[in-house]
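**Q** The residues making up each chain are set out below.
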Amino acid sequence: MKISERTAGYSLVLPGVFLICALLVYPVLYGVYLSFFSKHSFFPEQKFIGLTNYLYLLQDSDFWMSLWYGTVYSVSTIVLQVALGVAAALILSQTFRGRNFVRGIVLFPYIIPTVVAIILWKWLLNNQFGFINYVLFALGIVGEPVNWMGKDHIMSSLVLISVWEFFPFVVLSVLARLQTIPPVLYEAAKVDGAGQLRRFFHVTLPQLRNVLFVVILLRGIWMFTKFDTVWLLTQGGGAEKYIRTLPVYAYMRTFMYYQAGLGSALAVIMFGVLVAATAVYFNLFRRGDE
Amino acid sequence: MKRANGFFNLGRQKVYWLALLLVLFSAFPFFWMVSTAFKPLREIFVYPPTFLPQNATLENFGRLFEQTRFIAYFKNSIIVSSSAVLLTMIFGAAGAYSLTRFRFKGRDKIANLILFTYMFAPIMIVIPFYVLIKQMGLANTHFALVLAYTALCLPFSLWMLRAFFQGIPLALEEAALIDGASRLQAVLHVIFPLALPGLIATGIFTFILAWNDYIFCRILISSDELKTLPVGIADLYNATVIDWGMIMAGGMLITVPVLIFFMYIQRYLIAGWGAGAIKG
Chain A
0 MKISERTAGY SLVLPGVFLI CALLVYPVLY GVYLSFFSKH SFFPEQKFIG LTNYLYLLQD
60 SDFWMSLWYG TVYSVSTIVL QVALGVAAAL ILSQTFRGRN FVRGIVLFPY IIPTVVAIIL
120 WKWLLNNQFG FINYVLFALG IVGEPVNWMG KDHIMSSLVL ISVWEFFPFV VLSVLARLQT
180 IPPVLYEAAK VDGAGQLRRF FHVTLPQLRN VLFVVILLRG IWMFTKFDTV WLLTQGGGAE
240 KYIRTLPVYA YMRTFMYYQA GLGSALAVIM FGVLVAATAV YFNLFRRGDE
Chain B
0 MKRANGFFNL GRQKVYWLAL LLVLFSAFPF FWMVSTAFKP LREIFVYPPT FLPQNATLEN
60 FGRLFEQTRF IAYFKNSIIV SSSAVLLTMI FGAAGAYSLT RFRFKGRDKI ANLILFTYMF
120 APIMIVIPFY VLIKQMGLAN THFALVLAYT ALCLPFSLWM LRAFFQGIPL ALEEAALIDG
180 ASRLQAVLHV IFPLALPGLI ATGIFTFILA WNDYIFCRIL ISSDELKTLP VGIADLYNAT
240 VIDWGMIMAG GMLITVPVLI FFMYIQRYLI AGWGAGAIKG
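Residue numbers (numbering that gives the first Met the number 0), protein chains in the order written: chain A, 0 to 289; chain B, 0 to 279.
Check the hints yourself; a few may be wrong.
Computed footprint of chain A on chain B, listed as stretches where at least three residues anywhere in the stretch have a Cβ under 8 angstroms from a Cβ of chain A [what the hints assert, rightly or not]:
#	segment
1	50-57
2	75-85
3	118-132
4	141-153
5	165-171
6	184-194
7	243-250
Hints in this document: simulated from the structure, not taken from any laboratory.
Note that beta-carbon positions come from the ideal geometry of N, C-alpha and C, so glycine has one too.
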């Protein structure tokens, strides 16, 4: 018996496609559907209410605050992790003894569970017994312990932790690309009398352009929808509302106020903002091409 | 120093200093966690802090095993993560093989659809996913978690395995077929051994993602004895008096399996493979 190529092809790929559709695509569409309902998170009753959830959110100052905090959080973490990641990748592309070891170490923060990243930094930033405050105090930089989890500093702490946790992704992507830049280009630039700085701006940076485009896009999507890092940091602080980003607010509405419809509407808005931001980003990039 | 493939020639000394700074920034927090995990209670809060434990002790680990369900959490994490890896690998390998070896209508469309779903963020999936799982009566089961992790990992695994399979020349398989091997034999004896490193690497990525996940376990699991490690550890922190020594010990133990696997996949990561597989 000979099975046709088509049948064989479909029968091998369709089970996986079915799983993806049933467990990812369907829930996302169902979420859009739920956003038009008033629905308790635990009980089956639901009532169609049209756009009421969306209209409510438009007047909800907590929603606007979360959009603002989410934007501040994603923009600042992206700028910092890209700057730090590119710098680190440039250092790690130099030849020196122990380079592979250092490359391995630098990736650590990215592969550990987020929970570990959070407890590590909560301990380092602890206001009474934390190592950071000890160093700052011992060096005379601060006169009294800084309350890193308090309302004035919690956003900075969150940004610091997130940059630490996610900059290795930028290092990885940029380093992989740096290794493929033909050395001939640098030699040609050198012959033309270009100094180090000019070589960076006229050879390295243009070569990195495409990889940076993708890295910023992915990191943007991931930082804007980041839940666990932000949520875990809010636990047991008291200043949680100063880092309540959109994903955290959607979670709270769904699992603390049990408003699954409103939570879904928030998720839909988050997706809409992402799509709009991505479109603008693509346009800017294309315009830059001309 | 001979110039590397860079635009700049820093002196050898400067490069070492900068590399040292990078290592400190990346690794010092881990060092501090391990150091704290072995300190006796009194030394943890001493001022000024000691770098290395003066009287190293295992009492933090003892409390972790005796006073919490750490061992149960560990077992749950192993069960859930391994099941997710197994399912992902079966569906992923079959799908990737089909996408690289058979010609059929819509093949590229399917590949693109898969890549698109990879962009869905967990927070967008988890709310409706929870409602659906609840309606099916599967809330608070490991099965629900396995389903969630399989679905989350499948798109990426498919893409990664597809790239691995594309790297294996078709001619090898054709030669085996001409020599009279059946398709299955050709796959088992020719493709499988060549794809094995890729399969292992993809499996490890899946494992780490499932092992590290917090949000799905937080939402889908409500009974304490079914929790996985990340949620279990996070809840230790919510106790009224925070036992830093015990939390650091727990944080250290949950990181160990990840680090072991990491040694294996490091070369794939540095070559630019799978950078986005582990975390968003």
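**Q** Of all the hints numbered above, which does this structure not satisfy? Sort the numbers upward.
**A** 1, 2, 5 and 6
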